[in-house]
Amino acid sequence: MKTLITLVLSLILSLTMGIVKADSSLKANFVNGDPGIMSINSITFGPEGILFIGDSKAAQIIAIDLSAHQKVDNSKVKIDFLDKKIADMLGAAPDQVQITDMAVNPENDNIYISVHYGAGTPILLQVNNNKLKQISLADVSYSKTNINDPVAKDAKDKRGRELRKWAVADIRYDSGKVLLSGLSNKEFASTFRSIDFPFNDKQSYGSLEIYHAAHGQYETHAPIKTFMTTRIKGNPHIVAGYTCTPLVVLPMDKIKPGEHHKGRTVAELGNGNTPVDMIEIENEGNRYLLIANTNRPLMKMDFTDLEAYEDVLTTPVTKKGATAGVAYVNLPYVNVQQLDKLDNTFLMIQRESSGNLALKKGSAWWFQ
Amino acid sequence: MRNYSHILLISFFFALKVFSQTSPKVMVSKDYLLIKKSEITAGKPMVYRGEISNVEISSSTPILGNVVEEKERIRFNPVIPFGWNQKYTLVYDSTIEYFEITLPKKYKYLSVEAIYPSTKKLPSNLLKWYFKFSKPINQPSVYDNIRFTDTNGDTLDKVILPLNNVLISDNGLLLTVWVEPGRQKRGLIPNQQLGAVFEEGKEYSLIISKNLKDYEGIAMQQDYIHRFIIVDADREQPTINSWKISIPTPGTTSNLMIHFNEEPMDYGSTLSSIRIIDPQKKEIKGDLKLTNNEKTLVFKPLQPWKKGHYQISIDVSLEDLAGNNLNRLFDSDINDIQHGSPDTKEKFLEFVVQ
Numbered sequence: 000m001k002t003l004i005t006l007v008l009s010l011i012l013s014l015t016m017g018i019v020k021a022d023s024s025l026k027a028n029f030v031n032g033d034p035g036i037m038s039i040n041s042i043t044f045g046p047e048g049i050l051f052i053g054d055s056k057a058a059q060i061i062a063i064d065l066s067a068h069q070k071v072d073n074s075k076v077k078i079d080f081l082d083k084k085i086a087d088m089l090g091a092a093p094d095q096v097q098i099t100d101m102a103v104n105p106e107n108d109n110i111y112i113s114v115h116y117g118a119g120t121p122i123l124l125q126v127n128n129n130k131l132k133q134i135s136l137a138d139v140s141y142s143k144t145n146i147n148d149p150v151a152k153d154a155k156d157k158r159g160r161e162l163r164k165w166a167v168a169d170i171r172y173d174s175g176k177v178l179l180s181g182l183s184n185k186e187f188a189s190t191f192r193s194i195d196f197p198f199n200d201k202q203s204y205g206s207l208e209i210y211h212a213a214h215g216q217y218e219t220h221a222p223i224k225t226f227m228t229t230r231i232k233g234n235p236h237i238v239a240g241y242t243c244t245p246l247v248v249l250p251m252d253k254i255k256p257g258e259h260h261k262g263r264t265v266a267e268l269g270n271g272n273t274p275v276d277m278i279e280i281e282n283e284g285n286r287y288l289l290i291a292n293t294n295r296p297l298m299k300m301d302f303t304d305l306e307a308y309e310d311v312l313t314t315p316v317t318k319k320g321a322t323a324g325v326a327y328v329n330l331p332y333v334n335v336q337q338l339d340k341l342d343n344t345f346l347m348i349q350r351e352s353s354g355n356l357a358l359k360k361g362s363a364w365w366f367q
Numbered sequence: 000m001r002n003y004s005h006i007l008l009i010s011f012f013f014a015l016k017v018f019s020q021t022s023p024k025v026m027v028s029k030d031y032l033l034i035k036k037s038e039i040t041a042g043k044p045m046v047y048r049g050e051i052s053n054v055e056i057s058s059s060t061p062i063l064g065n066v067v068e069e070k071e072r073i074r075f076n077p078v079i080p081f082g083w084n085q086k087y088t089l090v091y092d093s094t095i096e097y098f099e100i101t102l103p104k105k106y107k108y109l110s111v112e113a114i115y116p117s118t119k120k121l122p123s124n125l126l127k128w129y130f131k132f133s134k135p136i137n138q139p140s141v142y143d144n145i146r147f148t149d150t151n152g153d154t155l156d157k158v159i160l161p162l163n164n165v166l167i168s169d170n171g172l173l174l175t176v177w178v179e180p181g182r183q184k185r186g187l188i189p190n191q192q193l194g195a196v197f198e199e200g201k202e203y204s205l206i207i208s209k210n211l212k213d214y215e216g217i218a219m220q221q222d223y224i225h226r227f228i229i230v231d232a233d234r235e236q237p238t239i240n241s242w243k244i245s246i247p248t249p250g251t252t253s254n255l256m257i258h259f260n261e262e263p264m265d266y267g268s269t270l271s272s273i274r275i276i277d278p279q280k281k282e283i284k285g286d287l288k289l290t291n292n293e294k295t296l297v298f299k300p301l302q303p304w305k306k307g308h309y310q311i312s313i314d315v316s317l318e319d320l321a322g323n324n325l326n327r328l329f330d331s332d333i334n335d336i337q338h339g340s341p342d343t344k345e346k347f348l349e350f351v352v353q
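Those protein sequence lines, which keep their order, are chains A and B. Counting in numbering that gives the first Met the number 0, the first sequence runs from 0 upward without gaps. Counting in numbering that gives the first Met the number 0, the second sequence runs from 0 upward without gaps.
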């Protein structure tokens, strides 16, 4: 009997240790306290309920453990007049409030919205039963790293550095890497960074050069507006969207420190437009790429088409307003400002034609 | 007398204007609201933006804040400080009171202190503007409040590249705005479709609207207007060999001056791209500033100059007003690109103090 108890206890202990070990592998160097977040420009979830925050003002990436938030049912999420409600919550006028990003924790369906007030005071909100609730960032379990300046000597130049700003445009996590795109006020160029997670001192940065078919003979150094990571034919890739609107793919293993990369332009999605967000939806083994835009509807691209397309667009699109490359369809959603996955469909913040800014789900029918 | 002392205290704390319904049992400042504990029998006080009637309360969203129970008072700390001249509704028990914190008479309004480039003649392929404000600005609506007009007063379309995250310095004072690069680069569709943003030979006005607010939500009092004339496009790289150096005197902290051959340079990239190196190859500490409509850089060292050979290090990403840097033109022809060596991050000029 004693042996049996010992055995059971050992089993429980080993299981518990196993859980702790599994849980702590990514959070081993997390500490409790105030991470000193000065702005929330972009957010994304990694595994184990870790929210990554791109903070341009403090030039840092913060990983926060939000795994303690209970699983929720957001299947019927719908909040109308989102901008007015957020302004009311802050006691401010709507023009003092900006929604900077939205992210869904895929492990428990919690929805988070990041907001800037006034001169950039950051606020993180959680959607709870169609109500908004503030998440305090003053005492959390976190880990963080500085965004190193790629031009190291700038760090010595105090006067210069205070002028130099690098604004995070988008952030994603994939397989132990936090990836960032952004634009500085110094040079109109695409800067792209890859930072190991758990954080250490190692950071890679580089630029992504593209041949912009719509743009004819002149080279472009345009910055990435939005991107995501995915698998193309099983291999990790970055899919990046640029203003005006080339879609570019690049194998992730090509991102190496200080190197200048040439992405493969696989589609031109029309001029006079800027992509604002992109996600991947998977349903019954089929994968789709969704792209939200400023001046075009929400686009749906089938991954089988993307994977089958092996060409690179190198010649200008001559027909005005025309598109080229991988085929896609327009879905009947315009002015989609934020996009993420929820259940087996998409969650969006959309400015409806009535003027109402709504947080709501898109129909899963589009992916059946 | 007690009520009078309250009023004094309230005046002292940020000049509160209390509406008629608000009792002296409530005290408000920008950062908190205090209610006498004896006034609340149950529940927590709630604050709403605007004047909300009794029937509207159930459908209204209360302001975020935390409630702290003190010895004799209940304290409500709003997450965002209460705004100036903003009406609020306070609800506790069955009482509804309205309040507003009036703007101090000596409030220093937001103003534009400097604008770069400051020169009145600008190349048609100008790429960036920098605005220096007197205090941190309200960032969410910044692009709605900057516009360009022609001599007819008509507002130009698609001039600015709107960014979700505005480029603003850490202190919130220096804003960088990109002129739509798609229109400024030759060969791009927006350029072909709409042409360059500005036409050569024409005069324009840059207007920063008086509606631009500061970080506390108070708008500028008057429009800021800057007129400029557009001249030929600049399609030449800056060449540092054409720069002239005014050499300082040894034993003094006199200015080292670098004249950019009468070409105005980009404000942000110039100040962050140039360093002065002493004979021991160490960077000299000092004050850098652009003068003469950004055509001259002035460096004043903290320590007196010593005799010897000095270097001026220039990062190759230093740009002129059209985004041309030391390595490339902003819109290089793809068949004709001659990238500088990737290892060449900086170029040097030399001078001797004697």
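Hints were generated in silico from the structure; no laboratory data involved. Among the clues, some could well be false.
Claimed, not checked - 27 Å max Cα-Cα, derived BS3-like pairs, lysine-lysine:
1. A:K70 with A:K84
2. A:K84 with B:K43
3. A:K132 with B:K43
4. B:K243 with B:K209
5. A:K340 with A:K359
6. A:K83 with B:K43
7. A:K261 with B:K344
8. A:K83 with B:K344
9. A:K84 with B:K131
10. A:K132 with B:K157
11. B:K105 with B:K43
12. B:K70 with B:K107
13. A:K132 with A:K360
14. B:K70 with A:K319
15. B:K70 with A:K84
16. A:K253 with B:K344
17. A:K130 with B:K157
18. A:K83 with B:K29
19. B:K24 with B:K120
20. A:K319 with A:K130
21. A:K83 with B:K86
22. A:K130 with B:K43
Model, not experiment: these values are computed from the prediction.
field: Indices of hints not satisfied (ascending)
entry: Violated hints (numbers, rising): 4, 8, 9, 10, 11, 12, 14, 15, 17, 19, 20; every other hint is consistent with the structure.
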